[in-house]
Amino acid sequence: MIPAEFNYEVADSVDHALSLLAGYGPEAKLLAGGHSLIPMMKLRFARPSALVDIGRIAALSYVEQDDGHIRIGAGTRHHDVHHSPLIEAGCPLLSFTAGLIGDPQVRHKGTIGGSVAHGDPASDLPTVLLALDAEFVLTGSGGATRVVPASDFFKGFFETAIGPEEILTEIRVPKLGASSGWSYLKFSRRAQDWAIVGVAAIVERSNGGIGSARVALTNMGATPLRASSVEQALAGAERDAIPAAAAMAPEGTSPTSDTNAGANYRRHLADVLVGRAVEEALGGP
Amino acid sequence: MGTRRVSLRVNGVPQEAEVEPRTLLVYFLREGLGLTGTKVGCDTSSCGSCTVLMDGESVKSCTLLAVQADGREVTTIEGVAEGGELHPLQRAFQENHGLQCGFCTPGMVMAALGYLQKNPTPSEESVRLALEGNLCRCTGYTNIVRSILAAAPAMNGHAAAEAGVPGG
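Top to bottom, those sequences are chains B and L. In terms of our numbering, the first sequence has 185 at position 184, counting the first letter as 1, and numbering is strictly consecutive. In terms of our numbering, the second sequence has 343 at position 88, counting the first letter as 1, and numbering is strictly consecutive.
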């Protein structure tokens, strides 16, 4: 399979990429690792007029930290997120999940920013970043930046808050503290498959029970979703409240039916996986 | 749309070519350079038959544009043997019956080579995880995993010999 024709430009900086994007107009796309975009172009689901290659901008690949946050350059590859000691120490949920994406070859090319900007509701990282209350830094012309919280970022099926002349440049993740437990469970039938349903859970432990919980769902609607009813039911609860809370996981979701699973089965999986993920995040009795 | 000039090293040999931007790396290798050892299997970045090394890391050449390899060092299965001698990893596949039909083998060898070069003393479980991106429909993987585990010490000896380190 061969993509339709397109113009190709290599950007050597974010500014350069923005001016190339402006020049080619709204049918141009950014190319980072290309591991979501190129398959779609081969299938001709995507036919951009031009690709602006930001995959060679070394300044977009970094992992840094300050007191409360880890800051990850959008061009950082899944392989590097998975193996970063800083992320492992400050936010192990994120490094763990990066290691579940695709396979080693995919992780050598795919980037965290590419995965987020693509906005596929079956992707793992958007769900985890939503659960983590991450923030996304968008850079526009002249270097102007705005920061969008994950809760306002995912707008629809493959739709995000990124404007046509903006680039996602950084992902900021609050560090998890010593009292935080976490889990990401991904249900799929074969190695390297997308999640049929996935669940991210972060539990603030308090005296053996749950202080508060954050729970987010993969592939249960057009965007990653927070399971708000579950979170409310778990706030200040004990372990034995988990099954009843997990049963609320399908509330507010709109899963699709496809060749992998029907909507009802997805709702069932959300219930079961939320229960398991919260148990795992809470840790041993 | 035009063409673009790319300049890269493939199996140590400098190559320059004019390519359409939409040319996939695997077709550049197979049809442009005649290196047909790299296979196109699924063509959807699932099966790993097209795996090559780019700057020492395994990648799927059906999901990369040739222009993305501009300036890079690419190694294909044709670049693994040295001076007509099979690489220890290739020999291990032969000795351990690590293939049946052979279609997935170039990709398996390249994925394993990239992995072993960074993980010289692997466990069986880690080898199985390292092969997550490569499908084989003949062997059930058992002899592939066995081959790779057998190759690891042989490769360490190979590297030591290349570096002039005395054996023993």
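It is possible that part of the hints are untrue.
Stated by the list, open to error - Cut-off 20 Å, straight-line C-alpha distance, at most; resulting in silico cross-link-like pairs (SDA-like, lysine to any residue):
no., chain 1, residue 1, chain 2, residue 2
1, B, 43, L, 257
2, L, 373, B, 138
3, B, 43, L, 297
4, L, 373, B, 100
5, B, 30, L, 373
6, B, 30, L, 259
7, B, 187, L, 257
8, B, 187, L, 372
9, B, 43, L, 277
10, B, 30, L, 257
11, B, 30, L, 297
12, L, 373, B, 83
13, B, 43, L, 298
14, B, 43, L, 373
15, B, 30, B, 138
Stated by the list, open to error - If you only want the chain B side, here are some residues facing chain L, beta carbon under 7 Å, derived:
no., residue
16, 9
17, 40
18, 41
Hints listed in this document are in silico derivations from the structure and should not be mistaken for laboratory results. All values derive from a computational prediction rather than experimental measurement. The beta-carbon is built from N, C-alpha and C at its ideal position, and this holds for glycine as well.
Taking the hints in turn, this is what the structure says about them:
1. B:43 / L:257: holds (19 Å)
2. L:373 / B:138: violated (34 Å)
3. B:43 / L:297: holds (12 Å)
4. L:373 / B:100: holds (17 Å)
5. B:30 / L:373: Between residue 30 (chain B) and residue 373 (chain L) the Cα gap is close to 34 Å, so the pair fails against 20 Å, i.e. violated.
6. B:30 / L:259: Cα-Cα ~18 Å, so holds.
7. B:187 / L:257: violated (43 Å)
8. B:187 / L:372: Roughly 30 Å between the alpha carbons, so the hint for residue 187 (chain B) and residue 372 (chain L) is violated.
9. B:43 / L:277: holds (9 Å)
10. B:30 / L:257: holds (18 Å)
11. B:30 / L:297: violated (25 Å)
12. L:373 / B:83: holds (15 Å)
13. B:43 / L:298: Distance ~9 Å between residue 43 (chain B) and residue 298 (chain L) Cα, so the pair holds.
14. B:43 / L:373: Distance ~32 Å between residue 43 (chain B) and residue 373 (chain L) Cα, so the pair is violated.
15. B:30 / B:138: holds (18 Å)
16. 9: Holds: closest Cβ of chain L sits about 3 Å from residue 9 (chain B), inside 7 Å.
17. 40: holds (6 Å)
18. 41: violated (11 Å)
Consistency with the previously given hints fails for numbers 2, 5, 7, 8, 11, 14 and 18, ordered from lowest to highest.
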